[in-house]
Amino acid sequence: MSYQVDEKGYYGDFGGAYIPEMLYPNVEELRRQYLDIMKEESFQKEFKELLRDYVGRPTPLYYAERFSKKYGTKVYLKREDLCHTGAHKINNTVGQILMAKRLGKNRIIAETGAGQHGVATATVCALMGIECIVYMGEIDIDRQAPNVARMKMLGATVIPAKSGSRTLKDATNEAIRDWINNPVDTHYIIGSVVGPHPYPDMVARFQAVISEEIKVQLKEKENRENPDYVVACVGGGSNAAGAYFHYLDTPEVGIIAVEAAGKGIDSGESAATSALGKEGIIHGSKTLLMQSEDGQITEPYSISAGLDYPGVGPMHANLFRSGRGEFISITDDAAMKAGLQLAKLEGIIPAIESSHALAIFEDRKFKEDDIVVVNLSGRGDKDLSTYIDYFQL
Amino acid sequence: MNRIKNTLAQNTKLLSIYFTAGYPEPEDTVSIIKDLEKNGIDFIEIGLPFSDPLADGPTIQESSGVALKNGMTTKKLFQQLEGIREEVEIPLIIMGYFNPILQFGVEAFCQSCAAVGIDGLIIPDLPVEEYNEKYREIFEKYGLSNIFLITPQTSEERIRFIDSVSEGFIYMVSTASVTGSTKGFTKETRDYFRRISEMKLRNPQIVGFGISDKETYGQATEFAKGAIIGSAFIKHLNSSRKQDIADFVKSIRPV
Ligand SMILES: Cc1ncc(COP(=O)(O)O)c(C=O)c1O
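Just so you know, the sequences run in chain order A and B.
Throughout the first sequence, residue numbering follows the working numbering, covering 3 to 395 in sequence.
Throughout the second sequence, residue numbering follows the working numbering, covering 12 to 266 in sequence.
Just so you know, the hints here were simulated from the structure itself, not pulled from any lab data.
Incorrect hints may have been included.
Within a straight-line C-alpha distance of at most 30 Å, the following computed DSS-like cross-link-like pairs (lysine-lysine) qualify [unchecked claim]: (1) B/Lys45 to B/Lys225; (2) B/Lys246 to A/Lys10; (3) B/Lys86 to A/Lys164; (4) A/Lys221 to A/Lys367; (5) B/Lys246 to B/Lys86; (6) B/Lys87 to A/Lys164; (7) B/Lys194 to A/Lys107; (8) B/Lys145 to A/Lys280; (9) B/Lys80 to A/Lys280.
If you want the ones that stay clear, here's a sample from chain B, every Cβ over 12 Å from chain A, calculated [said to hold, decoys possible]: (10) Leu19; (11) Ala20; (12) Pro35; (13) Glu36; (14) Ser62; (15) Gly94; (16) Ala126; (17) Arg201; (18) Asn214; (19) Asp224; (20) Asp255.
The C-beta atom is built at its ideal place from N, Cα and C for all residues, glycine as well.
The following block holds chain A by itself, in its conformation from the complex:
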């Protein structure tokens, strides 16, 4: 059995394309072409060159010595925080902008929560000279002002999503509505491994460069391609999908997914989808999502805006249900402390999303000779004000 997507766009029970007919032509066009386009030599060449010269890849695989010593195991950090714009998100937007160009689209829309994906999309649109519209929840616009300013500097139009709970899930709804209203010239750059097939697979493939590099780098450092564990935080799950991608069907490599418990799983303010979610449909995908008994989608909570999504990508829902992945949830407080600790131990200030992945070592013990790769999905610049408030810095 494979943990990759099947021909029908499913990961086990999860995935598919539950979309209104209005979206069918666009999604179908993408589905028919994405693999062929990605295989084209000219596409691969352009993609790889941009990842190298523009994004700054390969990102280092860094042996975190003081951190490792503290927890009595060998921890490597995959430094996605060193990507241009500060997070892994740009791997996907570079890939999708090239895809959009080949599909002949001249208008780009995107959703964003914290603003990282919005910035990464605005960046590649500036690079290519393509119009960019980013939907962002009205509430998020207020709490992520610096990223709103960055998107504007990059030439994007930021449209507030005023419907529903006015956060990421509603920004995604608004982007989908825009796509319904603009069925011909527009490409929708989704920011995670969510949405209707083929998005989860396409985004995972663009992020797969993360595990592709880990294999090569680990071979150089440890003379083996496979770590014992790969650890990543999961909002929608794109950095995790990239970090797991080439290890999905290698059972010796343990997969650890870290979700945001917010104020605690039972607090009513949480984003731990695997613990709290049930099977259902969100944004065109059958997956696990947080919802009421009546099937209304509920608003998640996490101190980290990037993990504040009520669903997870279908790949991760399947990793959870099948038992292939080990799912751990981390509270706001544990994540914040882990972020501060990494700054002190290694001189790296992580994004709060990534801090969740770093926090598992307090309770989850590893063997001394285990090799554990943690995907450090982003840097903490965008989170400074949250760190400042939290620790009264």
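Got chain A; can you put chain B with the ligand on it based on the hints?
Relative to chain A, chain B with the ligand alone:
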């Protein structure tokens, strides 16, 4: 299903209304249905409110939000509809997104529909392929007609496929747009209405999305069998409530 077929067999152009169950007040559902029938509406779509209606514009989003705040649930809707067939004869169709139906249980949902006398379903985010493969048998077991959408971008081949699996009518989305547009119909849109009518499909077509007044109703039904009004009706309910349902219907289709 027979009620839908009988209505479609009438020799007139049809007018249908969509409204959101539980809006503006939680207990309005049944009285709105009765008033619509009294005023000559041919069939009704009862909107099952959903938190994330991604094919809908602001008006229906807002009415769904209010209905949910009013405490509407799928279970409550079925309670409200209990006994409706003692008073109402026209076809009743439930229009809702798939997630609440999945949570209720697809079979339980269909069974409840049949029990209260619902004739058909419109589920915009349940694509025809998934329906055929996983759910068709259940819908048919309970005699429910599942209505599919087509749009100006739907290919001829796909329209023929949808026609082949449809029983009842085809829901023809007027323009590439979410619900509630009031821009009026361009020549291009009217050409699309004509193009579809010339395909001589098995199932009659009913136009929806963007019909807000007498003019757009007239244009939509020039070639199609009928038309559905949603947002414009809901806006009307907003300002003047149900005593004016009669005025609204008259403004679209004078007797
Ligand atoms: C640094 C960082 N990590 C993780 C995430 C979560 O997204 P995903 O789960 O798709 O990797 C985000 C989203 O904004 C992010 O900015």
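> Against the structure shown, which of the earlier numbered hints fail to hold, in ascending order?
Replying inline: Failing hints, ascending: 2, 14.
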